[in-house]
Every structure is written in C-alpha cells, then in structure tokens.
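Sequences are here, hints too, so could you generate the full structure?
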Amino acid sequence: MKKQNIFWGVIFILLGITILVNRFFNFNFFSISNMWPIIILVLGLLFEFDYFVSKRNAGILVPGGILTTLGILFFFETFTNWTYSEYTWPIYILSVSLGLFQFYLFGNKNKGVLFSSTLLFLIALLSFLSMIYNTWFSWIKFNLIIPILFILIGVYILFRGSFSKK
Numbered sequence: 001m002k003k004q005n006i007f008w009g010v011i012f013i014l015l016g017i018t019i020l021v022n023r024f025f026n027f028n029f030f031s032i033s034n035m036w037p038i039i040i041l042v043l044g045l046l047f048e049f050d051y052f053v054s055k056r057n058a059g060i061l062v063p064g065g066i067l068t069t070l071g072i073l074f075f076f077e078t079f080t081n082w083t084y085s086e087y088t089w090p091i092y093i094l095s096v097s098l099g100l101f102q103f104y105l106f107g108n109k110n111k112g113v114l115f116s117s118t119l120l121f122l123i124a125l126l127s128f129l130s131m132i133y134n135t136w137f138s139w140i141k142f143n144l145i146i147p148i149l150f151i152l153i154g155v156y157i158l159f160r161g162s163f164s165k166k
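Residue numbers for the sequence shown follow full-length UniProt numbering, so the first one is 1 and each next one is one higher.
These aren't lab readings, by the way, just hints derived from the structure by calculation. Heads up, the beta-carbon is just placed ideally off N, CA and C, and yes, glycines get one too. Hints should not be assumed to be uniformly reliable.
Claimed, not checked - Once the Cα atoms are required to be at most 20 Å apart in a straight line, the calculated SDA-like pairs of lysine to any residue come out as:
1. Lys111 <-> Ser54
2. Lys109 <-> Ser54
3. Lys109 <-> Glu48
What the hints assert, rightly or not - Ranges between beta-carbon positions, derived for each pair:
4. Leu122 <-> Ala58: 22 to 30 Å
5. Tyr92 <-> Gly9: 31 to 39 Å
6. Trp8 <-> Thr118: 29 to 37 Å
7. Trp8 <-> Gly154: 19 to 27 Å
8. Lys109 <-> Val53: 20 to 28 Å
9. Phe106 <-> Leu15: 26 to 34 Å
10. Met131 <-> Phe79: 19 to 27 Å
11. Phe106 <-> Asn81: 31 to 39 Å
12. Asn81 <-> Ile153: 33 to 41 Å
13. Leu15 <-> Leu144: 47 to 55 Å
14. Met131 <-> Lys111: 29 to 37 Å
15. Val21 <-> Gly154: 54 to 62 Å
16. Phe79 <-> Asn57: 42 to 50 Å
17. Ile17 <-> Gly112: 32 to 40 Å
Structure representation (structure tokens):
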C-alpha cells in the first residue's frame, strides 16, 4: 500500500470519528471554535509529510515547520482560552526559526540559513527569558536590541567574505 494512501486514509478516518463523536455526544470540544487550529496543523504536517516521503525540495520544510508549530500553539491557546498568549508570543518567532532550521538540516546546508535560524532562535529565547526573569534582564534596554541587531547583521554581511578561506 502506498504511503500517501495510508496517510489520507488515517486523516479521513480521524475526521469521520471526530464528526461522529461531536454529533452523537454533542461535545462542544469538537466545535469549529475549538478545532480551527487543526486546519493550520494539517497543512503544516502535509508539507512535512510531502518532503519526508518524496525527499524532494527541502524548501517546503520552511512553511511546514512554521505551520506545524503554529498549529500546535493555536491548539494550546484555544484550549486555555488564550490565557497565556501574552507569554507565548515568542513562539511565533520560534516557528520561523524551526522552519529555517529544518531547511538547513535537510536542505543544502547554507550557512546563511543556519545563521538566520540561530538568530531568530536567540531572539525568541531572549524574549522568553526576559518575560520569565524580568528582573534578571532589567539592565537590557530592549528598545536598543533591534538597532544593534541591524548593525550586527550589516557588519556580518559586509565582512563574511573577508574571513573565508581562499
């Protein structure tokens, strides 16, 4: 049996079970107001699945990683009534980092992609830490971070060729 047939078969079975449970037991759990993130999650997983089945075009891992991460985040947010959304916003940045890192890992090993992924990861991590340990990082002036990052990126772009072995 083809892998694609198995995947789509499982998707339709799960979808059918979800609809039946909702109809027979009238659970609000399966309402569209709670289950809309499944659309984003399934799209992300389809991108991931497509790459890992075909091993072609690693670029589809970027939207796959982003959408899968955001789908999981949105499930969490909807089932917690968006209570923690003021703390989970760095995951939006992290999702792009994860998509780019997958592309680097399974793609052409471009150092620029790794640099971008690492930079976004560090920004997300610093954002999480600054919220969690606000007093520890009170000496950091966050309105200076973006201009300093732009300067560092510009210096990197200007001098990255100067340090390579010829």
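Verification of the hints:
This hinted pair does not check out: Lys111 and Ser54 have alpha carbons roughly 24 Å apart, beyond 20 Å. This hinted pair checks out: Lys109 and Ser54 have alpha carbons roughly 19 Å apart, not beyond 20 Å. With a C-alpha separation of about 18 Å, the suggested pairing of Lys109 with Glu48 holds against the 20 Å cut-off. Under the hint 22 to 30 Å, the C-beta atoms of Leu122 and Ala58, about 23 Å apart, fit the expected range.
Tyr92 and Gly9 have their C-beta atoms about 33 Å apart, which keeps the hinted 31 to 39 Å range intact. At roughly 36 Å, the beta carbons of Trp8 and Thr118 sit within the given window of 29 to 37 Å. The hint said 19 to 27 Å for the Cβ distance between Trp8 and Gly154, and at roughly 47 Å that hint is violated. In this structure the hint that Lys109 and Val53 lie 20 to 28 Å apart at CB holds, the actual value being about 22 Å.
A C-beta distance of roughly 29 Å is found between Phe106 and Leu15, which places it inside the suggested range of 26 to 34 Å. The hinted range of 19 to 27 Å is satisfied by Met131 and Phe79, whose Cβ atoms lie roughly 21 Å apart. Between Phe106 and Asn81 the beta carbons are some 36 Å apart, a value that agrees with the proposed interval 31 to 39 Å. For the hinted restraint 33 to 41 Å between Asn81 and Ile153, the CB-CB distance of approximately 38 Å keeps it satisfied.
Taking 47 to 55 Å as the suggested C-beta distance range, the pair Leu15 and Leu144 conforms, at roughly 49 Å. Distance hint for Met131 and Lys111: a CB-CB separation of about 31 Å, consistent with the stated range 29 to 37 Å. The beta-carbon spacing between Val21 and Gly154, approximately 55 Å, falls within the hinted interval of 54 to 62 Å. For Phe79 and Asn57, the hinted distance range of 42 to 50 Å is not satisfied, since their beta carbons lie about 34 Å from each other.
A hinted range of 32 to 40 Å is violated for the C-beta pair Ile17 and Gly112, which are about 44 Å apart.
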